[in-house]
Amino acid sequence: MQKLKHIISTTQLLNRKLQEHLFVSAAQMERDDAQRTLSRPLSGRILATIFYEPSTRTRLSFEAAMQKLGGGVLTAENARDSSSAAKGESIADAIRVISGYADVIALRHYEEGAAKAAAKISPVPLINAGDGIGEHPTQALADIYTIEKELGGRDGLRVALVGDLLYGRTIHSLLPLLCLYPGVQIDLVSPAQLRLPAKYIQHLERQGVHFRESDKLGASIKSADVIYITRVQKERFASPQEYEAIKDVYVIDSKIADKLKKHAIIMHALPRVNEIAPEVDSNSRAAYFRQAKNALYIRMALLNYLLA
Amino acid sequence: MSLAKKLRVEGRIANYDREFEGAIEIDTATGLIEYVGPIEGRSDLPTDGCIIFPGFGDLHIHAREDVSGSQCYKEDFVTNSNAAIHGGVVHVADMPNNPVAPIDDEKYAAKELLTQKSAVHVTLYAGIGPQTQPLKRHVPYKAFMGPSVGDLFFRSQEQLETAIANYRGRNVSFHCEDPEILEANKNAPTHEQRRPASAEITATEFALYLIEKYELIGKLCHYSTGDGLKKISAAKARGLRVTCEATPHHLFFDDSMLTEQNRLWLQMNPPLRGPKDRIALIAALKNGLVDYIATDHAPHTIEEKLKGISGVPLLDTYGSFATWLMTEHNFTARDIARVCAYNPGLFVREFLPAGLGKGFGLIEPGYAGSLTILDLNTPYAVTRESVRTKCAWSPFEGYTFPGSVRYTVLNGNVHQAS
Ligand SMILES: [Zn+2]
Numbered sequence: 205m206q207k208l209k210h211i212i213s214t215t216q217l218l219n220r221k222l223q224e225h226l227f228v229s230a231a232q233m234e235r236d237d238a239q240r241t242l243s244r245p246l247s248g249r250i251l252a253t254i255f256y257e258p259s260t261r262t263r264l265s266f267e268a269a270m271q272k273l274g275g276g277v278l279t280a281e282n283a284r285d286s287s288s289a290a291k292g293e294s295i296a297d298a299i300r301v302i303s304g305y306a307d308v309i310a311l312r313h314y315e316e317g318a319a320k321a322a323a324k325i326s327p328v329p330l331i332n333a334g335d336g337i338g339e340h341p342t343q344a345l346a347d348i349y350t351i352e353k354e355l356g357g358r359d360g361l362r363v364a365l366v367g368d369l370l371y372g373r374t375i376h377s378l379l380p381l382l383c384l385y386p387g388v389q390i391d392l393v394s395p396a397q398l399r400l401p402a403k404y405i406q407h408l409e410r411q412g413v414h415f416r417e418s419d420k421l422g423a424s425i426k427s428a429d430v431i432y433i434t435r436v437q438k439e440r441f442a443s444p445q446e447y448e449a450i451k452d453v454y455v456i457d458s459k460i461a462d463k464l465k466k467h468a469i470i471m472h473a474l475p476r477v478n479e480i481a482p483e484v485d486s487n488s489r490a491a492y493f494r495q496a497k498n499a500l501y502i503r504m505a506l507l508n509y510l511l512a
Numbered sequence: 513m514s515l516a517k518k519l520r521v522e523g524r525i526a527n528y529d530r531e532f533e534g535a536i537e538i539d540t541a542t543g544l545i546e547y548v549g550p551i552e553g554r555s556d557l558p559t560d561g562c563i564i565f566p567g568f569g570d571l572h573i574h575a576r577e578d579v580s581g582s583q584c585y586k587e588d589f590v591t592n593s594n595a596a597i598h599g600g601v602v603h604v605a606d607m608p609n610n611p612v613a614p615i616d617d618e619k620y621a622a623k624e625l626l627t628q629k630s631a632v633h634v635t636l637y638a639g640i641g642p643q644t645q646p647l648k649r650h651v652p653y654k655a656f657m658g659p660s661v662g663d664l665f666f667r668s669q670e671q672l673e674t675a676i677a678n679y680r681g682r683n684v685s686f687h688c689e690d691p692e693i694l695e696a697n698k699n700a701p702t703h704e705q706r707r708p709a710s711a712e713i714t715a716t717e718f719a720l721y722l723i724e725k726y727e728l729i730g731k732l733c734h735y736s737t738g739d740g741l742k743k744i745s746a747a748k749a750r751g752l753r754v755t756c757e758a759t760p761h762h763l764f765f766d767d768s769m770l771t772e773q774n775r776l777w778l779q780m781n782p783p784l785r786g787p788k789d790r791i792a793l794i795a796a797l798k799n800g801l802v803d804y805i806a807t808d809h810a811p812h813t814i815e816e817k818l819k820g821i822s823g824v825p826l827l828d829t830y831g832s833f834a835t836w837l838m839t840e841h842n843f844t845a846r847d848i849a850r851v852c853a854y855n856p857g858l859f860v861r862e863f864l865p866a867g868l869g870k871g872f873g874l875i876e877p878g879y880a881g882s883l884t885i886l887d888l889n890t891p892y893a894v895t896r897e898s899v900r901t902k903c904a905w906s907p908f909e910g911y912t913f914p915g916s917v918r919y920t921v922l923n924g925n926v927h928q929a930s
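Protein chains in written order, with the numbering used here: chain A, 205 to 512; chain B, 513 to 930.
Do not take every clue at face value.
Claimed, not checked - Within a straight-line C-alpha distance of at most 27 Å, the following computed BS3-like cross-link-like pairs (lysine-lysine) qualify:
#1 B/798 - B/788
#2 A/272 - A/209
#3 A/465 - B/748
#4 A/466 - B/648
#5 A/459 - B/742
#6 B/725 - B/742
#7 A/353 - B/743
#8 A/353 - B/788
#9 B/748 - A/466
#10 B/798 - A/463
What the hints assert, rightly or not - Computed, partial: chain A to chain B, Cβ under 7 Å:
#11 239
#12 240
#13 267
#14 467
As the list claims (entries may be wrong) - Distance ranges between label pairs, derived from CB positions:
#15 A/439 - B/842: 23 to 33 Å
#16 A/219 - B/777: 49 to 59 Å
#17 B/549 - A/225: 38 to 48 Å
#18 B/642 - A/497: 26 to 36 Å
None of these hints come from the bench; they were simulated from the model. Every value quoted in this text rests on a predicted model; they were computed, and no experiment measured them. Glycine residues also receive a C-beta, built at the ideal position from the N, C-alpha and C atoms.
For reference, chain A alone in the conformation it holds in the complex:
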């Protein structure tokens, strides 16, 4: 398979050979990191993180990944307000200028499709670090890596996707990867007004994936191998009242966590608000902090793949 230049969508990452390569590389990075024997393959190279929408964790994760590989970082956290964007500079011009300084760009934008448009004109590799309600491919890859690591990559996996499925782009990015598992069964659990968009439902149907929709968590608790819960994001709602009305509908506390299968895992892209009670953190099923750490190693593997 031809080497990818940009990472824009999960649909570029469906190749199992490529996934395997990246997973092996990520595992190696994790080992070397723990042993403090990381080599510095990207020494002298620079990553620019251009974030038109704040996401401190994603940005820090990319920057840590680059620095652990020996590279340097240029960062524009509030690109929307603080950079030339505020003066009306187009994103295209920004990419052209910044690619003159940086060897790779991680772009977060509030509009769906922004990363794809930017990649078209970027002479250096560009990674989509989230575009509006579109995609977040590096997160999705890290999520699949986590599932493989924790559950051994099974046939017949039962996955419950819970919460905001309408706007949750981590879910949108994860779905095509989940569909690769033979016999996967997906429970879509959300309030009626936050159901998975029709185009993703159609994708599941086309793939012949067994799925069911529900507005209640109940039935999924005992059967799920993976419970992936998403934050109901305040900024996605038109009015505070609308947000308040549904924000606490799907909360995982110890009582629910203990009802899950012994080897089930609870995932969350973080930060959480109150979807998962802090008491769950010490439950062995709580995989979300490990998931965040895995994302670091996946981003290291991707940066190394794109640049080395």
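Using the hints provided, position chain B with the ligand relative to the given structure of chain A.
Using the frame of chain A, we list chain B with the ligand on its own:
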């Protein structure tokens, strides 16, 4: 057209998370599971009254063989493999306390060559001693804290920490007995009193400290004390990467069962503990705090046992011991699949050579075509004549297990266990 031969086994299948009636097809050319699906009434093996498990893995054995061959009168990789197959064990992990210990890349590779004659896959631990350094290869390590059999041990916590500091981030298994506490009790009247529970508990605290400080992937070997389990539980809750073994002897025997007749035969390190410890250990194995049944299979000749050498041979009885847990302690087939197959499979996965697919521990396409088929209706009366370990005795002689191993399948090759 493919001429590859297939082994098809149908029956009741138990993975760690699911039990179901099904069929398994193993491609005997690749040795991997190719297909898992519904029953069609055409099984190559009779499995009535049986449960089909993913092949069991024993993460703690002493096969005794090294390049010197000086311990081969007790066991070697061939007799060890025979004992494993008899016990339903499809892969083992061998400890490094040999006269020529695998402590560097060269010695490790030399010992690895010897394992080629073993039918069951052997993962080798590399030893950590006062003067050793990590290997270039990615391998699991073993640190013996206090004096045991062999030379790879430490005299103090300080000496151990100095050595472990070189092994940051590595996978390290610990034998938890504090050398100073052993030294202080060396003149006590019985073996059990000379190696008291406090030695294990102190050593556990220290091992957990090392695992945290040096970001190790830690494993505590042959765990035996109830009070120590609480510390492991707290460490797991804090997110430390630590797992824990328990042996059949610490789960089956306790010091209230010792008599003048069996005392020498049941001598091992760590020693048998009290009934409360044993009950706590069984509960911890069932609820997931203890991760593996690992035998600490330690063959010594009958003459050596009569002289008071520590260690017991247990590979031959691994599978039938699992049936005892099911019958006497209500372990489900899924519990057994977890502690005998899935968790050991996870442990060795990253160390396996190519050709074993996704590795051991699950009945799933892509995993090694190795199975343990337990017959729950045919008891196994343990006799000296029936065991296949070279040392030719068993601590379970005279005991009848409620079930037995009917078949051990190694990469599609069927071995009848009896
Ligand atoms: Zn041992």
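To see whether the hints hold, each was checked on the structure:
1. B/798 - B/788: 16 Å, holds
2. A/272 - A/209: 22 Å, holds
3. A/465 - B/748: 18 Å, holds
4. A/466 - B/648: Violated, at about 36 Å.
5. A/459 - B/742: Cα-Cα ~22 Å, so holds.
6. B/725 - B/742: With Cα atoms ~20 Å apart, residue 725 of chain B and residue 742 of chain B stay inside 27 Å; holds.
7. A/353 - B/743: 26 Å, holds
8. A/353 - B/788: Given pair residue 353 of chain A, residue 788 of chain B is violated - Cα atoms ~36 Å apart, limit 27 Å.
9. B/748 - A/466: Holds, because 15 Å separates the two Cα atoms, which is no more than 27 Å.
10. B/798 - A/463: 17 Å, holds
11. 239: 4 Å, holds
12. 240: 6 Å, holds
13. 267: 21 Å, violated
14. 467: Constraint on residue 467 of chain A satisfied, holds at 6 Å.
15. A/439 - B/842: 23 to 33 Å: 51 Å, violated
16. A/219 - B/777: 49 to 59 Å: Holds, since residue 219 of chain A and residue 777 of chain B (Cβ atoms, about 58 Å apart) stay within the stated range.
17. B/549 - A/225: 38 to 48 Å: Distance hint for residue 549 of chain B, residue 225 of chain A is violated at roughly 30 Å.
18. B/642 - A/497: 26 to 36 Å: For residue 642 of chain B and residue 497 of chain A the Cβ distance comes to about 33 Å; the hint holds.
Figure legend: structure checked against the earlier numbered hints; hints not met, in rising order: 4, 8, 13, 15 and 17.
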